[in-house]
Structures are given as C-alpha cells and as structure tokens.
Amino acid sequence: MPTLLFVVGPAGSGKSTCAKSIARRLRAAYVDKDTVATGFTEALLVQAGTDPHERDNNAYYQDHVMDLEYETILRIATDNLLLGMSVVLDAPFGRYLGDDHYVIGAAERLGWPEDVRLVVAHVRVDGEVIRQRLVGRGLERDAWKVGHWGEFWSTAGDVVCTWRGAEHLSVDNNGDEPDLDRFEAELHR
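Heads up, the sequence shown is in our numbering, so the first residue is 108 and it goes up one at a time.
Note that these hints are calculated values from the structure, not bench results. Any given hint could turn out to be false.
What the hints assert, rightly or not - Heads up, simulated SDA-like pairs for lysine to any residue below, C-alpha to C-alpha not over 25 Å straight-line:
hint, residue 1, residue 2
1, Lys127, Leu190
2, Lys127, Gly257
3, Lys127, Arg182
4, Lys127, Thr142
5, Lys127, His255
6, Lys127, Arg202
7, Lys127, Leu246
8, Lys127, Leu294
9, Lys127, Ala155
10, Lys127, His295
11, Lys127, Asn164
12, Lys127, Glu258
13, Lys127, Pro199
14, Lys127, Val242
15, Lys127, Gly191
16, Lys127, Asp139
17, Lys127, Glu235
18, Lys127, Tyr203
19, Lys127, Gly254
20, Lys127, Tyr137
21, Lys127, His160
22, Lys127, Arg224
23, Lys127, Glu293
As the list claims (entries may be wrong) - Simulated DEER-style distance windows between Cβ atoms:
hint, residue 1, residue 2, range
24, Ala166, Gly146, 16 to 26 Å
25, Gly205, Leu276, 16 to 26 Å
26, Gly234, Gly205, 11 to 21 Å
27, Pro220, Gly245, 18 to 28 Å
28, Pro220, His160, 34 to 44 Å
29, Leu276, Gly243, 25 to 35 Å
30, Val236, Asp141, 12 to 22 Å
31, Phe147, His295, 28 to 38 Å
32, Glu291, Asn187, 15 to 25 Å
33, Gly156, Ala292, 48 to 58 Å
34, Ala166, Ser261, 11 to 21 Å
35, Glu161, Asp286, 30 to 40 Å
36, Arg134, Glu258, 35 to 45 Å
37, Leu246, Phe147, 15 to 25 Å
Cβ coordinates follow ideal geometry from the N, Cα and C atoms, glycine included.
Let the sequences and hints guide you as you build the complete structure.
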C-alpha cells in the first residue's frame, strides 16, 4: 500500500528538511513544490508584469498561478502512486488546509489508488524560530514575510489543517534537528 505524505507548515518551519529526511527513511519519492514550480512560476509572473519573487501579496499569483503549482505536484504524486510508490510532498498547502474535502477531492479527481494511505505531517515550530530562519536564509520570496512579520504570522501561525480522510501527525522542529524518530514511530503504529 503506497503512502502519500503531505509535509505542511509555514515558510521557514523546516518542511524541506523534514520532508527530505522522511522520504529518505521511507525510501519514497520526494516532490518539492519549489523545485517543480519555481521556474514556470517566475516566468508567468514576469509575463504578467509582476515581481517574480512575490507570492504572498501578489494577486496574479494568488488568482492564476498558485492552483497550477499545487495541481502540478499532485499530478506528479499521482503518477508515482499509480506505480505503487509512496510519495512525500513538500509544500505549505496554506490556502487549502481549511478545505475539509481537499485530499478526498484530489483522490477522486486524480484517480489515486483506493488503498493509498494519506498522512499529513504538521511541522510545528515557534514563531520566533521561524522568523529567525527566514531572516537567516535571506530568500527574495521571504522578503514580504519578514518585512510584514506581524501580518504574515497572524495568518500563517494559526493555520489548522481540517482535511478529512487523512491521518494527522506532528513533527516538532523547534530544535536544531526535527524529532523524526518520534514521528516515524507514530507513523508505523
């Protein structure tokens, strides 16, 4: 039975670190939204005459590009699931976390195998730790988040995933390394 594992959390939470480690431990395919979509996203934003690095405060991105990014990674996951491979998705999924039917709808729309195990790994980190990580990594796409920290964190910090049809587990990533041993033990219970 393949597993589709969604590693979710706000920017700077350590999603990529956790997702890569989980994929390695599970010997699963790893699909990172940034790796898959950044090239076409930046090209689309330039063609639209907007800042190619701005996502959070870019209406064109929010209205026309973001859904395309997520649909693309879900389709890549589908291809792997249909081959019997487990998949780890590395993306925040922020807009979609409050949609109870999101994963059930995707499974139906994309034809995921009926025996696929759906798991959400919530990467948990304190706000100040995230702010320091965003400042430290210095990415252009994080400039708005850092410059408008209160506004960003007031929405990103309180997001709750309400997806039905999936198991929900947590990964504590407040320290130097995520607590993946505990996560893996919960996953294999």
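These are the hints, each one checked on the structure:
The straight-line distance between the Cα atoms of Lys127 and Leu190 is roughly 20 Å, inside the 25 Å bound, and the hint therefore holds. A C-alpha spacing of about 29 Å is found between Lys127 and Gly257, which places the hinted pair above 25 Å, so the restraint is violated. For the suggested pair Lys127 and Arg182, the alpha carbons sit about 19 Å apart, so the restraint of at most 25 Å is met. Pair hint Lys127 plus Thr142 holds up; C-alpha atoms about 13 Å apart against a cutoff of 25 Å.
Proposed proximity of Lys127 and His255 is contradicted: the alpha carbons are some 29 Å apart, above 25 Å. Simply put, Lys127 and Arg202 have alpha-carbon atoms about 23 Å apart, close enough for the 25 Å limit, and the pair holds. Note on Lys127 and Leu246: the hinted pairing holds, with a Cα-Cα distance of about 20 Å set against a maximum of 25 Å. The suggested pairing of Lys127 with Leu294 holds, with an alpha-carbon distance near 16 Å, which does not exceed 25 Å.
The suggested pairing of Lys127 with Ala155 is violated, with an alpha-carbon distance near 33 Å, which exceeds 25 Å. Using a Cα cut-off of 25 Å, the hinted pair Lys127 and His295 holds, with the two alpha carbons roughly 18 Å apart. Annotation: proposed proximity of Lys127 to Asn164 is violated, straight-line Cα distance about 28 Å (limit 25 Å). With a CA separation close to 29 Å, the supplied pair Lys127 and Glu258 exceeds the 25 Å bound.
At roughly 14 Å between alpha-carbon atoms, Lys127 and Pro199 fall within 25 Å of each other, so this suggested pair holds. With a C-alpha separation of about 22 Å, the suggested pairing of Lys127 with Val242 holds against the 25 Å cut-off. Our distance criterion of 25 Å between C-alpha atoms is met by Lys127 and Gly191, whose separation comes to about 19 Å. For the suggested pair Lys127 and Asp139, the alpha carbons sit about 9 Å apart, so the restraint of at most 25 Å is met.
Restraint check: the Cα-Cα separation between Lys127 and Glu235 comes to about 23 Å, which is no more than 25 Å; the hinted pair holds. Distance restraint check for Lys127 and Tyr203: the Cα-Cα separation of roughly 22 Å lies within the 25 Å cut-off, and the hinted pair is therefore satisfied. Of the pairs offered as hints, the one joining Lys127 and Gly254 is violated, with about 28 Å between alpha carbons and a cut-off of 25 Å exceeded. Pair hint Lys127 plus Tyr137 holds up; C-alpha atoms about 7 Å apart against a cutoff of 25 Å.
Proximity of Lys127 to His160 is assessed by CA-CA distance (about 24 Å); at most 25 Å being required, the pair is judged to hold. Annotation: proposed proximity of Lys127 to Arg224 holds, straight-line Cα distance about 19 Å (limit 25 Å). Only pairs whose Cα atoms come within 25 Å are accepted, and Lys127 paired with Glu293 is accepted, the gap being roughly 18 Å. Look at Ala166 against Gly146: about 21 Å separates their beta carbons, and that is inside 16 to 26 Å.
Roughly 19 Å separates the CB atoms of Gly205 and Leu276, a value that falls within the hinted 16 to 26 Å. Range check, Gly234 to Gly205: Cβ separation about 20 Å, and the 11 to 21 Å hint holds. Under the hint 18 to 28 Å, the C-beta atoms of Pro220 and Gly245, about 41 Å apart, miss the expected range. At about 37 Å, the beta-carbon gap between Pro220 and His160 stays in the expected band of 34 to 44 Å.
A beta carbon spacing of about 27 Å between Leu276 and Gly243 agrees with the range 25 to 35 Å that was offered as a hint. The hinted range of 12 to 22 Å is satisfied by Val236 and Asp141, whose Cβ atoms lie roughly 20 Å apart. A hinted range of 28 to 38 Å for the beta carbons of Phe147 and His295 is consistent with their spacing of about 37 Å. Under the hint 15 to 25 Å, the C-beta atoms of Glu291 and Asn187, about 20 Å apart, fit the expected range.
For the pair Gly156 and Ala292, the supplied restraint of 48 to 58 Å holds, since their beta-carbon distance comes to about 50 Å. The given range of 11 to 21 Å is respected by Ala166 and Ser261, whose C-beta atoms sit roughly 19 Å from each other. Checking the proposed 30 to 40 Å range against Glu161 and Asp286 shows it holds: the Cβ atoms sit about 33 Å from each other. For the pair Arg134 and Glu258, the supplied restraint of 35 to 45 Å holds, since their beta-carbon distance comes to about 40 Å.
A hinted range of 15 to 25 Å for the beta carbons of Leu246 and Phe147 is consistent with their spacing of about 18 Å.
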